[in-house]
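Undergrad: Sequence:
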Amino acid sequence: MTSYRTLILTGVAALAIGTGLWWYLAGTTQAAPPRSEMDTSNKVKESSIVLPVTASLADLQTKLNSEVPTELFTINEGRDACVPAKWAKICVLPRPWPLKGCAQWLKTKSSPEIDCHLDGWVRRGNITVSGSGANAILSVPLSLSVTAKGRGEIGKNIQETATGSATVTATVTADIDESWNPVATVEPSYRWDNPIGVDILGFRITFADKVDPEIKKALDGLKGKLPGMLSSLDLKRKISKIWDQGFAPIQVNKSPDVWLRFAPTSIGYDGYNIADGSVKLSLLAGGQVETFAGGKPPDPAKTSLPPLLKKLPPPGFEFNLPVSLDYSLISAEAEKALKIGQVQELDVKDFGKVKTTFTDVDIYQTDGKLLAIGVSVIADPPSSIFDTTGTVWFTTDIAFDNNSKRVLVKKLDIYRNVDNSAVDLLLGVATIDLVNKALRDAVSVDFSKEYAQALKEASEAIRRQVTDEMYVIGTLNSLEADKVAAGSKSILVNLLAKGTAEAGFGKLPE
16 MTSYRTLILT
26 GVAALAIGTG
36 LWWYLAGTTQ
46 AAPPRSEMDT
56 SNKVKESSIV
66 LPVTASLADL
76 QTKLNSEVPT
86 ELFTINEGRD
96 ACVPAKWAKI
106 CVLPRPWPLK
116 GCAQWLKTKS
126 SPEIDCHLDG
136 WVRRGNITVS
146 GSGANAILSV
156 PLSLSVTAKG
166 RGEIGKNIQE
176 TATGSATVTA
186 TVTADIDESW
196 NPVATVEPSY
206 RWDNPIGVDI
216 LGFRITFADK
226 VDPEIKKALD
236 GLKGKLPGML
246 SSLDLKRKIS
256 KIWDQGFAPI
266 QVNKSPDVWL
276 RFAPTSIGYD
286 GYNIADGSVK
296 LSLLAGGQVE
306 TFAGGKPPDP
316 AKTSLPPLLK
326 KLPPPGFEFN
336 LPVSLDYSLI
346 SAEAEKALKI
356 GQVQELDVKD
366 FGKVKTTFTD
376 VDIYQTDGKL
386 LAIGVSVIAD
396 PPSSIFDTTG
406 TVWFTTDIAF
416 DNNSKRVLVK
426 KLDIYRNVDN
436 SAVDLLLGVA
446 TIDLVNKALR
456 DAVSVDFSKE
466 YAQALKEASE
476 AIRRQVTDEM
486 YVIGTLNSLE
496 ADKVAAGSKS
506 ILVNLLAKGT
516 AEAGFGKLPE
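Residue numbers for the sequence shown follow this note's numbering, so the first one is 16 and each next one is one higher.
No wet-lab data here; the hints were simulated from the structure.
Remember, it's a predicted structure, so these values are computed and weren't measured experimentally.
Watch out, some of these pointers could steer you wrong.
[What the hints assert, rightly or not] Within a straight-line C-alpha distance of at most 16 Å, the following computed EDC-like cross-link-like pairs (lysine to aspartate or glutamate) qualify:
#1 K464 - D416
#2 K504 - D416
#3 K354 - D375
#4 K351 - D375
#5 K326 - D285
#6 K325 - D362
#7 K513 - E495
#8 K295 - E305
#9 K351 - D314
#10 K326 - E495
[To be verified] Label-pair restraints from in silico Cβ distances:
#11 D190 - D412: 17 to 25 Å
#12 D190 - D272: 52 to 60 Å
#13 S71 - G286: 15 to 23 Å
#14 S147 - D95: 15 to 23 Å
Using N, Cα and C, we set each Cβ at its ideal position, and we do this for glycine too.
Let the sequences and hints guide you as you build the complete structure.
TA: Okay, structure coming up:
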(Lines of atoms letter the chains of each structure in order from A; the text may use other names.)
(Lines give C-alpha, C1' and ligand atoms only; values in the text may rest on other atoms or scores of the structure.)
Protein backbone atom coordinates (compact mmCIF):
# COMPACT_ATOMS: atom_id res chain seq x y z
CA MET A 16 0.00 0.00 0.00
CA THR A 17 2.82 2.35 0.90
CA SER A 18 4.58 1.79 -2.39
CA TYR A 19 1.29 2.39 -4.31
CA ARG A 20 0.70 5.72 -2.55
CA THR A 21 4.29 6.71 -3.21
CA LEU A 22 3.82 5.88 -6.86
CA ILE A 23 0.72 8.06 -7.09
CA LEU A 24 2.43 11.01 -5.42
CA THR A 25 5.44 10.57 -7.64
CA GLY A 26 3.19 10.64 -10.70
CA VAL A 27 1.44 13.76 -9.52
CA ALA A 28 4.75 15.45 -8.84
CA ALA A 29 5.99 14.51 -12.28
CA LEU A 30 2.83 15.90 -13.86
CA ALA A 31 3.23 19.10 -11.95
CA ILE A 32 6.79 19.45 -13.02
CA GLY A 33 5.79 18.63 -16.57
CA THR A 34 3.21 21.44 -16.63
CA GLY A 35 5.65 23.86 -15.03
CA LEU A 36 3.55 24.16 -11.81
CA TRP A 37 2.10 26.80 -14.09
CA TRP A 38 0.51 29.21 -11.65
CA TYR A 39 1.78 28.62 -8.21
CA LEU A 40 3.62 31.90 -8.21
CA ALA A 41 1.46 33.81 -10.68
CA GLY A 42 1.20 36.78 -8.33
CA THR A 43 4.90 37.41 -8.70
CA THR A 44 4.84 37.31 -12.48
CA GLN A 45 2.61 40.39 -12.82
CA ALA A 46 3.72 42.84 -10.16
CA ALA A 47 1.20 45.25 -8.71
CA PRO A 48 1.37 48.93 -9.75
CA PRO A 49 3.11 51.12 -7.18
CA ARG A 50 0.89 52.90 -4.70
CA SER A 51 0.97 56.68 -4.95
CA GLU A 52 0.02 59.50 -2.59
CA MET A 53 0.06 62.30 -5.16
CA ASP A 54 -1.96 65.39 -4.31
CA THR A 55 -4.86 65.75 -6.74
CA SER A 56 -6.25 68.97 -5.36
CA ASN A 57 -6.32 72.24 -7.25
CA LYS A 58 -6.56 74.63 -4.36
CA VAL A 59 -5.96 78.19 -5.46
CA LYS A 60 -8.24 80.30 -7.65
CA GLU A 61 -8.10 83.99 -8.38
CA SER A 62 -11.37 85.58 -7.31
CA SER A 63 -12.95 88.81 -6.22
CA ILE A 64 -15.63 89.82 -3.74
CA VAL A 65 -17.88 92.83 -4.18
CA LEU A 66 -17.73 95.22 -1.24
CA PRO A 67 -20.63 97.61 -1.75
CA VAL A 68 -21.06 100.76 0.27
CA THR A 69 -24.44 102.41 -0.12
CA ALA A 70 -25.67 105.75 1.16
CA SER A 71 -29.07 107.33 0.82
CA LEU A 72 -29.29 110.55 -1.15
CA ALA A 73 -31.93 111.59 1.36
CA ASP A 74 -29.34 111.32 4.15
CA LEU A 75 -26.89 113.45 2.18
CA GLN A 76 -29.66 115.94 1.49
CA THR A 77 -30.51 116.12 5.19
CA LYS A 78 -26.86 116.70 6.05
CA LEU A 79 -26.55 119.48 3.48
CA ASN A 80 -29.65 121.21 4.78
CA SER A 81 -28.40 120.99 8.35
CA GLU A 82 -24.93 122.35 7.59
CA VAL A 83 -25.61 125.03 4.99
CA PRO A 84 -27.06 128.19 6.64
CA THR A 85 -30.56 129.20 5.62
CA GLU A 86 -29.61 132.88 5.35
CA LEU A 87 -26.70 133.00 2.96
CA PHE A 88 -25.89 136.70 3.35
CA THR A 89 -27.40 140.11 4.17
CA ILE A 90 -27.22 143.52 2.51
CA ASN A 91 -26.77 146.64 4.64
CA GLU A 92 -25.08 149.50 2.85
CA GLY A 93 -25.56 153.02 1.55
CA ARG A 94 -25.49 153.97 -2.11
CA ASP A 95 -24.91 157.53 -3.28
CA ALA A 96 -27.11 158.87 -6.02
CA CYS A 97 -29.04 155.70 -6.39
CA VAL A 98 -31.65 157.98 -8.01
CA PRO A 99 -29.82 160.45 -10.26
CA ALA A 100 -30.74 164.12 -10.39
CA LYS A 101 -33.27 165.30 -12.94
CA TRP A 102 -32.32 168.15 -15.26
CA ALA A 103 -34.41 170.55 -17.29
CA LYS A 104 -33.44 172.76 -20.28
CA ILE A 105 -34.84 176.31 -20.40
CA CYS A 106 -34.52 178.58 -23.48
CA VAL A 107 -33.13 181.91 -22.31
CA LEU A 108 -32.58 183.43 -25.80
CA PRO A 109 -35.10 182.64 -28.52
CA ARG A 110 -34.13 183.19 -32.16
CA PRO A 111 -35.51 186.46 -33.64
CA TRP A 112 -38.45 186.32 -36.00
CA PRO A 113 -38.84 184.97 -38.56
CA LEU A 114 -36.35 182.33 -37.32
CA LYS A 115 -37.54 179.59 -35.10
CA GLY A 116 -35.91 177.80 -32.20
CA CYS A 117 -33.72 178.77 -29.32
CA ALA A 118 -30.44 180.51 -29.63
CA GLN A 119 -29.34 179.71 -26.06
CA TRP A 120 -30.38 177.07 -23.60
CA LEU A 121 -29.95 176.96 -19.85
CA LYS A 122 -29.67 173.52 -18.20
CA THR A 123 -30.97 173.55 -14.66
CA LYS A 124 -31.55 170.80 -12.06
CA SER A 125 -35.22 170.19 -11.60
CA SER A 126 -34.76 167.72 -8.73
CA PRO A 127 -31.65 166.70 -6.84
CA GLU A 128 -30.10 163.19 -6.80
CA ILE A 129 -31.36 160.96 -4.04
CA ASP A 130 -29.05 158.85 -1.91
CA CYS A 131 -30.30 155.45 -0.74
CA HIS A 132 -29.73 152.88 1.93
CA LEU A 133 -30.06 149.25 0.85
CA ASP A 134 -31.21 146.71 3.39
CA GLY A 135 -31.98 143.06 2.51
CA TRP A 136 -31.12 139.39 2.54
CA VAL A 137 -30.67 136.28 0.40
CA ARG A 138 -32.03 133.04 1.82
CA ARG A 139 -32.05 129.51 0.50
CA GLY A 140 -34.89 127.06 0.39
CA ASN A 141 -34.67 123.30 0.81
CA ILE A 142 -31.65 121.78 -0.92
CA THR A 143 -32.55 118.74 -3.00
CA VAL A 144 -30.16 116.06 -4.20
CA SER A 145 -30.84 113.87 -7.20
CA GLY A 146 -28.77 112.38 -9.97
CA SER A 147 -27.99 109.37 -12.08
CA GLY A 148 -24.91 107.49 -13.09
CA ALA A 149 -21.76 109.17 -11.84
CA ASN A 150 -23.19 112.65 -11.25
CA ALA A 151 -25.23 114.11 -8.43
CA ILE A 152 -27.32 117.20 -9.04
CA LEU A 153 -27.83 119.72 -6.25
CA SER A 154 -30.67 122.19 -6.59
CA VAL A 155 -30.88 125.21 -4.27
CA PRO A 156 -33.76 127.71 -4.58
CA LEU A 157 -32.84 131.25 -3.49
CA SER A 158 -35.18 134.05 -2.47
CA LEU A 159 -34.05 137.66 -2.22
CA SER A 160 -35.51 140.78 -0.67
CA VAL A 161 -33.93 144.26 -0.86
CA THR A 162 -35.48 147.47 0.46
CA ALA A 163 -34.22 150.80 -0.84
CA LYS A 164 -34.83 153.78 1.46
CA GLY A 165 -34.16 157.30 0.28
CA ARG A 166 -32.00 159.70 2.31
CA GLY A 167 -32.17 163.41 2.70
CA GLU A 168 -35.10 165.79 2.83
CA ILE A 169 -36.50 164.67 -0.45
CA GLY A 170 -35.59 160.97 -0.26
CA LYS A 171 -36.63 160.26 3.30
CA ASN A 172 -40.17 159.62 2.28
CA ILE A 173 -39.22 157.23 -0.50
CA GLN A 174 -39.09 153.48 0.19
CA GLU A 175 -39.37 150.58 -2.23
CA THR A 176 -38.93 146.83 -1.62
CA ALA A 177 -37.85 144.45 -4.34
CA THR A 178 -38.06 140.66 -4.27
CA GLY A 179 -36.52 138.13 -6.58
CA SER A 180 -35.72 134.45 -6.89
CA ALA A 181 -32.99 132.36 -8.39
CA THR A 182 -32.25 128.67 -8.68
CA VAL A 183 -28.75 127.40 -8.14
CA THR A 184 -27.84 124.01 -9.60
CA ALA A 185 -24.56 122.20 -9.15
CA THR A 186 -23.30 119.08 -10.87
CA VAL A 187 -21.18 117.11 -8.42
CA THR A 188 -18.77 114.44 -9.60
CA ALA A 189 -17.43 112.55 -6.60
CA ASP A 190 -14.33 110.43 -6.41
CA ILE A 191 -11.96 108.81 -3.92
CA ASP A 192 -8.22 109.11 -4.06
CA GLU A 193 -5.81 106.23 -3.46
CA SER A 194 -5.53 107.24 0.21
CA TRP A 195 -9.28 106.69 0.63
CA ASN A 196 -10.08 110.40 0.91
CA PRO A 197 -13.26 111.62 -0.81
CA VAL A 198 -12.91 114.40 -3.35
CA ALA A 199 -15.61 116.21 -5.31
CA THR A 200 -15.68 118.32 -8.45
CA VAL A 201 -18.51 120.84 -8.35
CA GLU A 202 -19.70 122.77 -11.40
CA PRO A 203 -22.26 125.30 -10.14
CA SER A 204 -24.54 127.54 -12.15
CA TYR A 205 -27.59 129.62 -11.41
CA ARG A 206 -30.23 131.55 -13.18
CA TRP A 207 -32.56 134.34 -12.15
CA ASP A 208 -36.14 133.20 -12.15
CA ASN A 209 -37.28 136.73 -11.26
CA PRO A 210 -34.58 139.39 -11.71
CA ILE A 211 -34.42 141.67 -8.70
CA GLY A 212 -34.86 145.44 -8.95
CA VAL A 213 -37.02 148.42 -7.87
CA ASP A 214 -38.43 151.49 -9.58
CA ILE A 215 -38.06 154.77 -7.70
CA LEU A 216 -39.30 157.97 -9.25
CA GLY A 217 -39.27 156.29 -12.63
CA PHE A 218 -35.71 154.95 -12.36
CA ARG A 219 -34.90 151.20 -12.35
CA ILE A 220 -32.45 150.21 -9.63
CA THR A 221 -30.91 146.71 -9.97
CA PHE A 222 -28.86 144.85 -7.39
CA ALA A 223 -27.12 142.12 -9.44
CA ASP A 224 -23.74 143.74 -8.87
CA LYS A 225 -24.30 143.35 -5.13
CA VAL A 226 -26.04 139.97 -5.05
CA ASP A 227 -24.13 137.97 -7.68
CA PRO A 228 -20.73 138.11 -5.91
CA GLU A 229 -22.37 136.97 -2.68
CA ILE A 230 -24.11 134.06 -4.40
CA LYS A 231 -20.81 132.99 -5.94
CA LYS A 232 -19.18 133.21 -2.55
CA ALA A 233 -21.91 131.00 -1.06
CA LEU A 234 -21.43 128.46 -3.85
CA ASP A 235 -17.70 128.36 -3.16
CA GLY A 236 -18.51 127.59 0.45
CA LEU A 237 -20.79 124.75 -0.63
CA LYS A 238 -18.04 123.33 -2.83
CA GLY A 239 -15.72 123.30 0.13
CA LYS A 240 -18.20 121.46 2.33
CA LEU A 241 -19.05 118.60 -0.03
CA PRO A 242 -15.89 116.47 0.37
CA GLY A 243 -16.31 116.63 4.12
CA MET A 244 -19.92 115.57 3.81
CA LEU A 245 -18.93 112.66 1.58
CA SER A 246 -16.50 111.56 4.26
CA SER A 247 -19.54 110.88 6.42
CA LEU A 248 -19.92 107.69 4.38
CA ASP A 249 -17.08 106.48 6.61
CA LEU A 250 -15.80 104.41 3.74
CA LYS A 251 -12.29 103.62 4.90
CA ARG A 252 -13.39 102.49 8.37
CA LYS A 253 -16.09 100.22 6.97
CA ILE A 254 -13.84 98.59 4.41
CA SER A 255 -11.02 98.23 6.95
CA LYS A 256 -13.38 96.34 9.22
CA ILE A 257 -14.23 93.90 6.45
CA TRP A 258 -10.55 93.61 5.59
CA ASP A 259 -9.74 92.68 9.18
CA GLN A 260 -12.69 90.45 10.07
CA GLY A 261 -14.54 89.40 6.96
CA PHE A 262 -12.41 86.64 5.52
CA ALA A 263 -12.41 83.85 8.07
CA PRO A 264 -12.60 80.36 6.52
CA ILE A 265 -16.10 79.07 5.83
CA GLN A 266 -17.14 75.45 5.57
CA VAL A 267 -18.82 74.67 2.26
CA ASN A 268 -19.16 70.90 2.44
CA LYS A 269 -19.32 68.01 4.86
CA SER A 270 -18.26 64.40 4.36
CA PRO A 271 -15.67 65.31 3.35
CA ASP A 272 -15.18 68.54 5.26
CA VAL A 273 -14.23 71.26 2.80
CA TRP A 274 -13.28 74.81 3.76
CA LEU A 275 -12.76 77.96 1.74
CA ARG A 276 -10.41 80.75 2.68
CA PHE A 277 -10.26 84.03 0.81
CA ALA A 278 -7.01 85.96 1.16
CA PRO A 279 -7.44 89.47 -0.31
CA THR A 280 -4.47 91.19 -1.89
CA SER A 281 -5.88 94.24 -3.69
CA ILE A 282 -8.94 96.42 -3.86
CA GLY A 283 -10.22 98.44 -6.78
CA TYR A 284 -12.95 100.94 -7.49
CA ASP A 285 -14.47 102.39 -10.63
CA GLY A 286 -16.60 105.22 -9.31
CA TYR A 287 -19.91 106.07 -7.74
CA ASN A 288 -23.22 105.08 -9.23
CA ILE A 289 -26.41 106.97 -8.40
CA ALA A 290 -29.75 105.27 -8.93
CA ASP A 291 -33.07 104.80 -7.14
CA GLY A 292 -32.35 107.44 -4.54
CA SER A 293 -29.03 105.97 -3.43
CA VAL A 294 -25.38 106.47 -4.11
CA LYS A 295 -23.51 103.20 -4.34
CA LEU A 296 -19.82 102.48 -4.45
CA SER A 297 -18.93 99.06 -5.77
CA LEU A 298 -15.49 98.05 -4.72
CA LEU A 299 -13.92 94.73 -5.67
CA ALA A 300 -11.48 92.98 -3.39
CA GLY A 301 -9.24 90.70 -5.42
CA GLY A 302 -7.29 87.81 -4.02
CA GLN A 303 -6.95 84.06 -3.85
CA VAL A 304 -9.50 81.48 -2.78
CA GLU A 305 -7.95 78.38 -1.28
CA THR A 306 -9.75 75.09 -0.77
CA PHE A 307 -8.91 72.90 2.22
CA ALA A 308 -10.12 69.38 2.91
CA GLY A 309 -10.21 68.20 6.50
CA GLY A 310 -9.90 70.42 9.56
CA LYS A 311 -10.62 74.13 9.60
CA PRO A 312 -7.60 76.11 8.35
CA PRO A 313 -6.30 79.16 10.20
CA ASP A 314 -7.54 82.62 9.29
CA PRO A 315 -5.59 84.34 6.52
CA ALA A 316 -2.73 86.51 7.68
CA LYS A 317 -3.96 90.01 8.41
CA THR A 318 -2.68 92.80 6.21
CA SER A 319 -3.30 96.52 6.29
CA LEU A 320 -5.83 98.00 3.88
CA PRO A 321 -3.92 98.65 0.63
CA PRO A 322 -4.17 101.81 -1.46
CA LEU A 323 -7.33 102.08 -3.50
CA LEU A 324 -6.74 101.21 -7.16
CA LYS A 325 -8.57 102.84 -10.03
CA LYS A 326 -8.61 99.47 -11.68
CA LEU A 327 -10.92 96.62 -10.83
CA PRO A 328 -9.71 93.04 -10.47
CA PRO A 329 -11.45 90.51 -12.72
CA PRO A 330 -15.04 90.07 -11.54
CA GLY A 331 -16.44 86.80 -10.27
CA PHE A 332 -15.83 84.31 -7.51
CA GLU A 333 -14.37 80.86 -8.11
CA PHE A 334 -13.49 78.03 -5.81
CA ASN A 335 -12.83 74.31 -5.98
CA LEU A 336 -15.28 71.95 -4.36
CA PRO A 337 -13.98 68.39 -4.14
CA VAL A 338 -16.47 65.53 -4.03
CA SER A 339 -15.10 62.09 -3.28
CA LEU A 340 -16.08 58.43 -3.16
CA ASP A 341 -13.96 56.04 -1.13
CA TYR A 342 -12.28 53.18 -2.91
CA SER A 343 -13.76 50.76 -0.38
CA LEU A 344 -17.25 51.58 -1.65
CA ILE A 345 -16.19 51.13 -5.26
CA SER A 346 -14.46 47.84 -4.41
CA ALA A 347 -17.61 46.63 -2.66
CA GLU A 348 -19.66 47.45 -5.75
CA ALA A 349 -17.18 45.59 -7.96
CA GLU A 350 -17.13 42.59 -5.61
CA LYS A 351 -20.91 42.46 -5.71
CA ALA A 352 -20.92 42.55 -9.50
CA LEU A 353 -18.23 39.85 -9.74
CA LYS A 354 -20.01 37.62 -7.17
CA ILE A 355 -17.00 37.38 -4.90
CA GLY A 356 -16.54 33.92 -3.36
CA GLN A 357 -18.91 32.14 -5.74
CA VAL A 358 -17.70 29.54 -8.23
CA GLN A 359 -18.68 30.58 -11.74
CA GLU A 360 -18.08 28.80 -15.01
CA LEU A 361 -16.78 31.24 -17.57
CA ASP A 362 -16.00 30.63 -21.23
CA VAL A 363 -12.42 31.82 -21.61
CA LYS A 364 -10.82 32.05 -25.04
CA ASP A 365 -8.13 29.41 -25.64
CA PHE A 366 -8.93 27.71 -22.31
CA GLY A 367 -12.55 26.64 -22.62
CA LYS A 368 -14.92 26.44 -19.68
CA VAL A 369 -12.99 27.69 -16.65
CA LYS A 370 -14.36 27.36 -13.15
CA THR A 371 -13.62 30.78 -11.72
CA THR A 372 -13.81 32.25 -8.25
CA PHE A 373 -13.14 35.96 -7.74
CA THR A 374 -11.77 36.49 -4.25
CA ASP A 375 -10.94 40.18 -3.92
CA VAL A 376 -10.90 43.57 -5.66
CA ASP A 377 -8.28 46.12 -4.67
CA ILE A 378 -8.40 49.74 -5.88
CA TYR A 379 -5.94 52.55 -5.20
CA GLN A 380 -4.06 55.46 -6.74
CA THR A 381 -0.97 54.73 -8.78
CA ASP A 382 1.59 56.84 -10.64
CA GLY A 383 0.27 59.56 -12.91
CA LYS A 384 -2.86 59.93 -10.80
CA LEU A 385 -4.22 56.82 -12.48
CA LEU A 386 -6.49 54.25 -10.91
CA ALA A 387 -5.05 50.81 -10.20
CA ILE A 388 -7.54 47.92 -10.08
CA GLY A 389 -6.46 44.48 -8.93
CA VAL A 390 -8.74 41.46 -9.33
CA SER A 391 -7.74 38.33 -7.41
CA VAL A 392 -8.83 35.13 -9.12
CA ILE A 393 -8.82 31.37 -8.58
CA ALA A 394 -9.15 29.70 -11.96
CA ASP A 395 -9.62 25.96 -12.59
CA PRO A 396 -9.17 25.26 -16.30
CA PRO A 397 -10.33 21.91 -17.70
CA SER A 398 -6.82 21.06 -18.87
CA SER A 399 -5.16 21.23 -15.44
CA ILE A 400 -5.50 19.37 -12.18
CA PHE A 401 -4.24 22.45 -10.28
CA ASP A 402 -6.06 25.71 -9.64
CA THR A 403 -4.39 28.87 -10.90
CA THR A 404 -4.34 31.66 -8.32
CA GLY A 405 -3.20 35.24 -8.74
CA THR A 406 -4.09 38.89 -9.19
CA VAL A 407 -4.54 40.66 -12.49
CA TRP A 408 -3.79 44.37 -12.46
CA PHE A 409 -5.24 47.10 -14.61
CA THR A 410 -4.69 50.82 -14.74
CA THR A 411 -7.11 53.37 -16.10
CA ASP A 412 -7.63 57.06 -16.50
CA ILE A 413 -11.02 58.40 -15.54
CA ALA A 414 -13.17 61.22 -16.85
CA PHE A 415 -16.38 62.94 -15.79
CA ASP A 416 -19.56 63.61 -17.73
CA ASN A 417 -21.06 66.87 -16.47
CA ASN A 418 -24.40 66.10 -18.08
CA SER A 419 -24.97 62.71 -16.47
CA LYS A 420 -22.84 63.50 -13.39
CA ARG A 421 -21.00 60.20 -13.77
CA VAL A 422 -17.37 59.13 -13.62
CA LEU A 423 -16.46 57.44 -16.88
CA VAL A 424 -13.98 54.64 -17.54
CA LYS A 425 -13.53 53.98 -21.23
CA LYS A 426 -10.72 51.44 -21.17
CA LEU A 427 -8.90 49.19 -18.72
CA ASP A 428 -5.23 48.81 -19.58
CA ILE A 429 -3.30 45.71 -18.56
CA TYR A 430 -0.44 46.62 -16.28
CA ARG A 431 2.89 45.15 -17.42
CA ASN A 432 1.70 42.13 -19.37
CA VAL A 433 4.18 39.24 -19.37
CA ASP A 434 4.58 36.18 -21.56
CA ASN A 435 3.41 33.55 -19.12
CA SER A 436 0.72 30.93 -19.67
CA ALA A 437 -0.56 31.21 -16.10
CA VAL A 438 -0.90 34.96 -16.44
CA ASP A 439 -2.56 34.41 -19.81
CA LEU A 440 -5.23 32.32 -18.12
CA LEU A 441 -5.93 34.93 -15.48
CA LEU A 442 -5.94 37.71 -18.06
CA GLY A 443 -8.27 35.66 -20.18
CA VAL A 444 -10.65 35.43 -17.25
CA ALA A 445 -10.35 39.09 -16.25
CA THR A 446 -10.68 40.53 -19.73
CA ILE A 447 -13.80 38.75 -20.92
CA ASP A 448 -16.63 41.16 -21.56
CA LEU A 449 -18.62 40.12 -18.51
CA VAL A 450 -15.79 40.82 -16.09
CA ASN A 451 -14.49 43.90 -17.90
CA LYS A 452 -17.93 45.50 -17.96
CA ALA A 453 -18.52 44.71 -14.29
CA LEU A 454 -15.28 46.49 -13.37
CA ARG A 455 -15.96 49.51 -15.58
CA ASP A 456 -19.52 49.80 -14.29
CA ALA A 457 -18.34 49.65 -10.69
CA VAL A 458 -15.87 52.48 -11.25
CA SER A 459 -18.29 54.51 -13.40
CA VAL A 460 -19.93 55.99 -10.33
CA ASP A 461 -23.07 58.11 -10.45
CA PHE A 462 -22.16 61.31 -8.59
CA SER A 463 -25.53 63.06 -9.04
CA LYS A 464 -26.46 62.63 -5.37
CA GLU A 465 -23.09 63.91 -4.18
CA TYR A 466 -23.27 66.73 -6.73
CA ALA A 467 -26.71 67.84 -5.53
CA GLN A 468 -25.61 67.72 -1.90
CA ALA A 469 -22.44 69.68 -2.66
CA LEU A 470 -24.44 72.31 -4.52
CA LYS A 471 -26.92 72.62 -1.64
CA GLU A 472 -24.27 72.88 1.07
CA ALA A 473 -22.10 75.30 -0.90
CA SER A 474 -25.05 77.56 -1.73
CA GLU A 475 -26.05 77.70 1.93
CA ALA A 476 -22.48 78.24 3.08
CA ILE A 477 -21.84 81.31 0.96
CA ARG A 478 -24.97 83.03 2.23
CA ARG A 479 -24.35 83.66 5.90
CA GLN A 480 -23.83 86.10 8.74
CA VAL A 481 -20.07 86.39 9.02
CA THR A 482 -19.89 88.67 12.06
CA ASP A 483 -22.49 90.53 14.12
CA GLU A 484 -22.12 93.50 11.80
CA MET A 485 -21.43 91.90 8.45
CA TYR A 486 -22.83 89.26 6.13
CA VAL A 487 -21.92 87.74 2.81
CA ILE A 488 -24.28 86.72 0.03
CA GLY A 489 -22.95 84.46 -2.68
CA THR A 490 -24.65 83.17 -5.78
CA LEU A 491 -23.47 80.09 -7.64
CA ASN A 492 -23.94 80.46 -11.37
CA SER A 493 -22.37 77.17 -12.35
CA LEU A 494 -20.92 74.05 -10.78
CA GLU A 495 -19.09 71.76 -13.14
CA ALA A 496 -16.32 69.22 -12.86
CA ASP A 497 -13.11 70.55 -14.29
CA LYS A 498 -10.99 67.64 -13.12
CA VAL A 499 -11.44 64.08 -11.95
CA ALA A 500 -8.60 61.96 -10.70
CA ALA A 501 -7.70 58.98 -8.62
CA GLY A 502 -6.91 60.37 -5.20
CA SER A 503 -4.89 58.73 -2.48
CA LYS A 504 -7.97 57.25 -0.78
CA SER A 505 -10.86 57.93 -3.11
CA ILE A 506 -11.95 58.99 -6.55
CA LEU A 507 -11.91 62.76 -6.39
CA VAL A 508 -14.15 64.88 -8.58
CA ASN A 509 -13.07 68.49 -8.42
CA LEU A 510 -16.09 70.71 -9.04
CA LEU A 511 -15.33 74.25 -10.12
CA ALA A 512 -17.88 76.60 -8.60
CA LYS A 513 -18.34 79.94 -10.33
CA GLY A 514 -20.50 82.80 -9.19
CA THR A 515 -20.49 86.11 -7.40
CA ALA A 516 -20.06 87.12 -3.80
CA GLU A 517 -21.00 90.34 -2.07
CA ALA A 518 -20.36 91.47 1.48
CA GLY A 519 -22.76 93.76 3.28
CA PHE A 520 -23.18 95.57 6.57
CA GLY A 521 -25.84 94.71 9.11
CA LYS A 522 -28.01 91.63 9.35
CA LEU A 523 -28.37 89.08 6.59
CA PRO A 524 -31.52 89.85 4.59
CA GLU A 525 -34.31 87.33 4.95
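Undergrad: Taking the hints in turn, state whether each one holds.
TA: Tested hints:
Using a Cα cut-off of 16 Å, the hinted pair K464 and D416 holds, with the two alpha carbons roughly 14 Å apart. Pair hint K504 plus D416 does not hold up; C-alpha atoms about 21 Å apart against a cutoff of 16 Å. Taking the CA atoms of K354 and D375, the gap is near 10 Å; set against the 16 Å cutoff, the hint holds. For the suggested pair K351 and D375, the alpha carbons sit about 10 Å apart, so the restraint of at most 16 Å is met.
Distance check on the hinted pair: K326 and D285 sit about 7 Å apart at the alpha-carbon level, within 16 Å; holds. The straight-line distance between the Cα atoms of K325 and D362 is roughly 73 Å, outside the 16 Å bound, and the hint therefore fails. Distance check on the hinted pair: K513 and E495 sit about 9 Å apart at the alpha-carbon level, within 16 Å; holds. With a C-alpha separation of about 29 Å, the suggested pair K295 and E305 falls outside the 16 Å cut-off, and the hint is violated.
Distance check on the hinted pair: K351 and D314 sit about 45 Å apart at the alpha-carbon level, beyond 16 Å; violated. Between K326 and E495 the CA atoms are separated by roughly 30 Å; this puts the pair beyond 16 Å, and the hint is violated. Here the CB-CB span from D190 to D412 is close to 54 Å, at odds with the stated 17 to 25 Å. Take D190 and D272: their Cβ atoms lie about 45 Å apart, and the range 52 to 60 Å is violated.
At roughly 18 Å, the beta-carbon separation of S71 and G286 lies within the given 15 to 23 Å, and the hint holds. Here the CB-CB span from S147 to D95 is close to 50 Å, at odds with the stated 15 to 23 Å.
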